[in-house]
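> Protein chains in written order, with the working numbering: chain A, 1 to 323; chain B, 1 to 323; chain C, 1 to 323; chain D, 1 to 323.
No lab work stands behind these hints, which were simulated from the structure alone.
Hints may be right or wrong, so weigh each one.
If chains are identical, the list can't say which one is meant, so a pair holds when it fits in one copy or spans any two.
Simulated pairs of lysine to any residue, SDA-like, Cα-Cα distance not exceeding 20 Å [as the list claims (entries may be wrong)]:
| hint | residue 1 | residue 2 |
| --- | --- | --- |
| 1 | LYS212 | GLU162 |
| 2 | LYS212 | THR234 |
| 3 | LYS212 | GLY198 |
| 4 | LYS212 | PRO284 |
Okay, here's what each chain looks like letter by letter:
Protein chains: 4
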Amino acid sequence: MPSVAVLGASGYAGAIAARLLYRHPTFDLLHVTARAEAGQRLDDVHPRTRVPMILERPDAVGDVDAAIVAYPHRISAPVVAALREQGTRVVDLSADFRLTDRAIYEDYYGSHQAPEHFGEGVYGLTEHHRAEIRDADLVANPGCYPTAALLALVPFIDVLSEVVIDAKSGVSGAGREANATTHFVSADENVTPYQVSGHRHTPEIEQQLGGKTVTFVPHLVPLAQGELVSAYVTPSHPLSEDEAWERLDDAYATEPFVELRRDPPGVLDVRDSNFCRISASVDPRTGRLLLFSAIDNLWKGAASQAVQNLNAMYGRDEREGLL
Amino acid sequence: MPSVAVLGASGYAGAIAARLLYRHPTFDLLHVTARAEAGQRLDDVHPRTRVPMILERPDAVGDVDAAIVAYPHRISAPVVAALREQGTRVVDLSADFRLTDRAIYEDYYGSHQAPEHFGEGVYGLTEHHRAEIRDADLVANPGCYPTAALLALVPFIDVLSEVVIDAKSGVSGAGREANATTHFVSADENVTPYQVSGHRHTPEIEQQLGGKTVTFVPHLVPLAQGELVSAYVTPSHPLSEDEAWERLDDAYATEPFVELRRDPPGVLDVRDSNFCRISASVDPRTGRLLLFSAIDNLWKGAASQAVQNLNAMYGRDEREGLL
Amino acid sequence: MPSVAVLGASGYAGAIAARLLYRHPTFDLLHVTARAEAGQRLDDVHPRTRVPMILERPDAVGDVDAAIVAYPHRISAPVVAALREQGTRVVDLSADFRLTDRAIYEDYYGSHQAPEHFGEGVYGLTEHHRAEIRDADLVANPGCYPTAALLALVPFIDVLSEVVIDAKSGVSGAGREANATTHFVSADENVTPYQVSGHRHTPEIEQQLGGKTVTFVPHLVPLAQGELVSAYVTPSHPLSEDEAWERLDDAYATEPFVELRRDPPGVLDVRDSNFCRISASVDPRTGRLLLFSAIDNLWKGAASQAVQNLNAMYGRDEREGLL
Amino acid sequence: MPSVAVLGASGYAGAIAARLLYRHPTFDLLHVTARAEAGQRLDDVHPRTRVPMILERPDAVGDVDAAIVAYPHRISAPVVAALREQGTRVVDLSADFRLTDRAIYEDYYGSHQAPEHFGEGVYGLTEHHRAEIRDADLVANPGCYPTAALLALVPFIDVLSEVVIDAKSGVSGAGREANATTHFVSADENVTPYQVSGHRHTPEIEQQLGGKTVTFVPHLVPLAQGELVSAYVTPSHPLSEDEAWERLDDAYATEPFVELRRDPPGVLDVRDSNFCRISASVDPRTGRLLLFSAIDNLWKGAASQAVQNLNAMYGRDEREGLL
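Chain A on its own, in the form it takes in the complex (with noise of 0.2 Å):
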């Protein structure tokens, strides 16, 4: 049974992948972590997640097989190098192992905190990566935006001509730090753009699409877990609605986490799950493609896709946990 730790439990998403763990038929957690909050118990800060461990100092994890890091970029970068380093595979959920171009990273994010393990991450989006994803020591768990716009985008990946992406978040996707944006009634009743040029997931978007250049615009909206991706895509050459759903049949059918439907999905019907919801449509007043993606921030966005990726890295049903 391969032994686990979480690092950095304490945050949303860290919670949930502890909580997963913690009842997952084959690995064993060992540790969780926490920096403000070592001492405590797990199940004292995240009542739901009903994990009663002790949140550890993160220097407190010795050799485990494999470890969920959930600290923010550039944070993250040593510890997973530390990791690496012990030969414990990771799946980390910041931006420090996603790209691939050094100079994109630190023109978004500063200076990279281990640069010479810069590149090391196989991407882990699951449905596309899987291949790579079980072979590899450590996985870049995809960001929550990416995972439900690359869901949606890929399968059409040669036919985008124009991308717009319009995305939807639920409060938690802007963390646990309380400030004035998640203050309740600054988000309570309220809808706002926000870092309307240059968010930090648009070079990610653009790297899983071939260098495609788009347009990608974060809302918040006032529910706690929740993301929808709308994306309108201008198609290189004239698409038929049909065509388009053959594509995401080819892409998805067999997948256990995606779901296709004809009603365009709510983030509702993907709440504290693992699964993306996928519905597409063709204008046909202007051919465009309207592709509608929905997922949960913290699970498929975050957390569970981390487990999924476990799975996978250990040859395990993707499932396994999950359902």
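Since chain A is already given, all that's left is putting chains B, C and D on it; use the hints.
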């Protein structure tokens, strides 16, 4: 003092129109009507109006100088026709007199119920049709989505090449009818695209943009009132951000109800008000113009814009009763 | 493997019962039924169940070993009667078999629709009726408010002098019917007391408290699932806070689904779970005992408690399928 | 035209006070102040105020006739003292001048920061202290919970035997500070009791009830503004429902801001207004008097009641600027 009536005052928008006119310094609110709820007091049905008037049957409305009609499309047309025939000036909140092409109207709404008056409405987007509104006897108040979308797009009408409009609306936009969509448990913690092709506001937007074809997709978000339009425009020739702001300034610098702000607007900023808040930026990587426009769908998107139009029709300061 | 059915699986509680039994290691879910929505797939009506079974007409349910019946009161009784007569063991979510005094039942609910079976139900508050539930063929699953209230109050049953119960419930407690109360725009940003005297759960609570008369007032709060009971008790003799906790510990220390915590519980702590979280304190100035009890009204207050009872009826670990 | 200032206008209540006074027909708003946000425009910090004034440093406020002070307790006292010493009439929103027993004040709040002025405040529950308020130079505006609770309870002050107050407040009641409690993800879909014994509003309520000891428990509910008090009273002698309504009618029939309604009030009925809506019933089974009282915690519970008091202090119609 011109006498006025609000027909359909038991709906969300009608109730707000009555609330505004009841306290208006220029108009004398004589009648409020409802069909199913006739006989009840308006402030029992809608406490926040604090209008202690009895809802009358529609046929109880005698001669009034002006009326705001807040009925659903197709039910509105004959009521408006009757009012017009007795000489009452009308602001109609329905879609029945907004379109100029009857075939398009009937395609989206079915047969028109007062065809002899079709096309008589002056389009009531106050900021752009002020001169005609002043002289009009029948003002077709814009739909909520067109209001937000057009205020953002009209200043760029000559340079619109590709236009994608992604809109988010609170649940009051779906009306007061209780159904599966408006049930709290369905809408809460959810975001859903709806009517993704062929929403009825599309032809209205296109008509006002000189026939420009657009993609328009509305989404339901979990809040009561508020609407955000995010418009993604490929300009027909490169446009700098400065030029974009110059156009907005030219259009709106002296407008009492349009607020231009560098930061993208949140719908909460304009809640319960007649303001529309607009922001623009140009995505330097793609050259796309990004426009964000926030209104309260029941106020500037319906009731308070109707009052703004009444003010204009009677030569009053447009701000009367609205600040 | 006992075969089971869920009747009324298109309601909120029935859908969750089906979701739990579909994945349950011991039971074999053979049928899910609905009246209006028969013929549809359960996961089309309630996506989050991910139960790909067709909703059948109620009369399609043949011999099954056990059934959870999730029909409204009065409609449930004859359905339960028919199941019992064919030997099926039943957990009934309605109020039809909870009360022992038929006059009281008929006072609150109208004439009983299967009077020959009146009073046959064993009250299904698992923690306090476990022994009888194990042998029962008809378990009357408690109402949501009684579940939360009784788990807090029963340990003090011998010292209750004055009892005031102020309860707060999410909107799912009002059921799936779309009406003025459940409309998003009515419930959002609102808190309202309702049925302030004579709510139907009052006699059920009183019966389980040995006939003690209580004041019970429910309130609607703007959230989907969750219920908090705040109980204010004047004890018949002075009670120290230590003694209060001792009684709770005695009652629940070994219970798998009752969590005792010093900090007052939030309903979010128990969302989507079978847990009940309870806290107690004694107001030193008045000597009043303050009890706070949080559950998910659809889970421990309905569906998951029904499964807990099924587990008990079949001699299984009560936690099976619920963690 | 009396000149006024609002000190602490960057907080929720201060901003609303400024918004009301900026449009008030009688007062001339000369200054708005803030500490951390001095230098910004108020309508940038709080767009909905639409007050285009610069927030000044507190010490920039010179001689004004009157001031509303919206600082936290203990910080308020010396500011109020300084204003009083220069002859400015003050409505203070903090708790610093509400209590008459200094030992109790210091027990709940710590040492008083302007002890020479302790006890100088006239308690500003307008409906019950109107005469003294008219002549007062220092009005201690009531806390939000006391406002709602006392308006319901004072008419029964002579018959209160046992009093339990269960209150529910929106998140703005916790202030503008971003912390774990006010984070959207903590408050959304949650209901939590807090400060279950010893909330600071308890002694204030008790003082105004002639020293009657009460149990008061506040709860946080997921909405921005609004407060409901549910009071459970055992009367000292049997009270009929008719008698209860008679007492309420006697107290409030001519009050402009108290609405008596048979149906229990929802907080949404009084949102963004100075109204308090009250309902009463008598539980026939226990004889308990049930009182429900709804206000907007930031309006009648703070800012608009302060303006109502200013109106009274200057001999104006109390409704001025508030309808």
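> With 20 Å as the alpha-carbon cut-off, assign the pair LYS212 and GLU162 to within, between, both or neither.
Classified as both; 9 Å inside a copy, 18 Å across copies.
> My question is about LYS212 and PRO284: at a cut-off of 20 Å on alpha-carbon distance, are they close within one copy, between copies, both, or neither?
For LYS212 and PRO284, the Cα distance is within 20 Å only across copies (15 Å; inside one copy 24 Å).
> Cα distance capped at 20 Å. Does LYS212 pair with THR234 within a copy, between copies, both, or neither?
Both ways: LYS212 and THR234 sit 13 Å apart in one copy and 16 Å across, limit 20 Å.
> Checking LYS212 and GLY198: alpha-carbon separation at most 20 Å within a copy, between copies, both or neither?
Close inside one copy (15 Å), not across copies (29 Å); limit 20 Å.
Figure legend: structure checked against the earlier numbered hints; every hint is met.
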